[in-house]
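**Q** The whole structure should be built from the sequences, with the hints applied where relevant.
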Amino acid sequence: TQLLEQSPQFLSIQEGENLTVYCNSSSVFSSLQWYRQEPGEGPVLLVTVVTGGEVKKLKRLTFQFGDARKDSSLHITAAQPGDTGLYLCAGGYSGAGSYQLTFGKGTKLSVIP
Amino acid sequence: SAVISQKPSRDICQRGTSLTIQCQVDSQVTMMFWYRQQPGQSLTLIATANQGSEATYESGFVIDKFPISRPNLTFSTLTVSNMSPEDSSIYLCSGHRDSPYNEQFFGPGTRLTVL
Numbered sequence: 235t236q237l238l239e240q241s242p243q244f245l246s247i248q249e250g251e252n253l254t255v256y257c258n259s260s261s262v263f264s265s266l267q268w269y270r271q272e273p274g275e276g277p278v279l280l281v282t283v284v285t286g287g288e289v290k291k292l293k294r295l296t297f298q299f300g301d302a303r304k305d306s307s308l309h310i311t312a313a314q315p316g317d318t319g320l321y322l323c324a325g326g327y328s329g330a331g332s333y334q335l336t337f338g339k340g341t342k343l344s345v346i347p
Numbered sequence: 013s014a015v016i017s018q019k020p021s022r023d024i025c026q027r028g029t030s031l032t033i034q035c036q037v038d039s040q041v042t043m044m045f046w047y048r049q050q051p052g053q054s055l056t057l058i059a060t061a062n063q064g065s066e067a068t069y070e071s072g073f074v075i076d077k078f079p080i081s082r083p084n085l086t087f088s089t090l091t092v093s094n095m096s097p098e099d100s101s102i103y104l105c106s107g108h109r110d111s112p113y114n115e116q117f118f119g120p121g122t123r124l125t126v127l
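Just so you know, the sequences run in chain order S and Y. In terms of the numbering used here, the first sequence opens at residue 235 and continues consecutively. In terms of the numbering used here, the second sequence opens at residue 13 and continues consecutively.
By construction, these hints were calculated from the structure, which means they are not laboratory data. Careful, some of the hints might be misleading.
Pulled a few chain S residues facing chain Y out of the computed Cβ check, cut under 7 Å [unchecked claim]:
#, residue
1, Gly287
2, Thr311
3, Gly329
4, Tyr333
According to the in silico footprint, chain Y covers these stretches of chain S (three or more CB under 8 Å from chain Y) [claimed, not checked]:
#, stretch
5, 269-278
6, 296-307
7, 336-347
Small disclaimer: the values here were computed from a predicted structure and weren't measured. Backbone N, C-alpha and C define an ideal beta-carbon position, used for all residues, glycine too.
**A** This is the structure in structure tokens:
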């Protein structure tokens with residue numbers, strides 16, 4: 235079983251501040267996915283990164299996959315109240331005809347107006 | 013992305029009864045999964061729904077308690093049997109595609125409360 239450590243678990247910041255969420259593992263993943271979930275809804279896929287060192291940007295969100303494909307970060311610039319939610323990282327592992335997704339424990343983000 | 017729908021969206025059930033949750037995907041996916049989630053927490057995988065064969069259950073979950081069907085590539089059901097208050101949770105259906113990337117999409121969830 236591959237473990238994915240996500241930090242911080244809780245984050246409360248003022249509107250306009252920047253923040254970074256981290257996911258770390260001792261295992262190598264074939265892909266790393268970030269989700270955002272709002273109360274009463276299912277997780278929504280934000281991005282998938284597959285190449286070591288890859289950086290993807292989605293408006294004010296920047297996602298990075300570590301060179302060794304063991305870690306990832308999500309950076310939000312100038313956070314807004316609409317960014318509030320539960321952010322989940324998930325490492326994907328494919329092999330021998332199987333597929334497995336390992337979730338971090340999540341980061342509960344609150345952006346205060 | 014794949015669009016996944018679930019029915020019902022929520023239910024309140026009595027102890028000892030069973031509830032079947034339906035999941036429909038709008039396009040073919042290679043794999044389907046069922047997860048459980050407590051509000052504000054991460055997801056716990058219950059099982060992989062295999063088309064035309066028995067589901068593959070994770071440690072701590074058994075077929076008698078959580079029977080799963082997947083009659084075709086886009087539809088699956090999860091039954092929560094002989095419910096107790098400890099089964100109160102959010103149940104999420106998920107579909108996986110391996111092209112162009114390995115990606116997994118989630119339904120909106122079914123919020124179950126057992127009295």
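**Q** A separate judgement is required for each hint: does it hold in the structure or not?
**A** A quick look at each hint next to the structure:
no.: 1; hint: Gly287; result: 16 Å, violated
no.: 2; hint: Thr311; result: 24 Å, violated
no.: 3; hint: Gly329; result: 11 Å, violated
no.: 4; hint: Tyr333; result: 6 Å, holds
no.: 5; hint: 269-278; result: holds (count 7)
no.: 6; hint: 296-307; result: violated (count 0)
no.: 7; hint: 336-347; result: holds (count 5)
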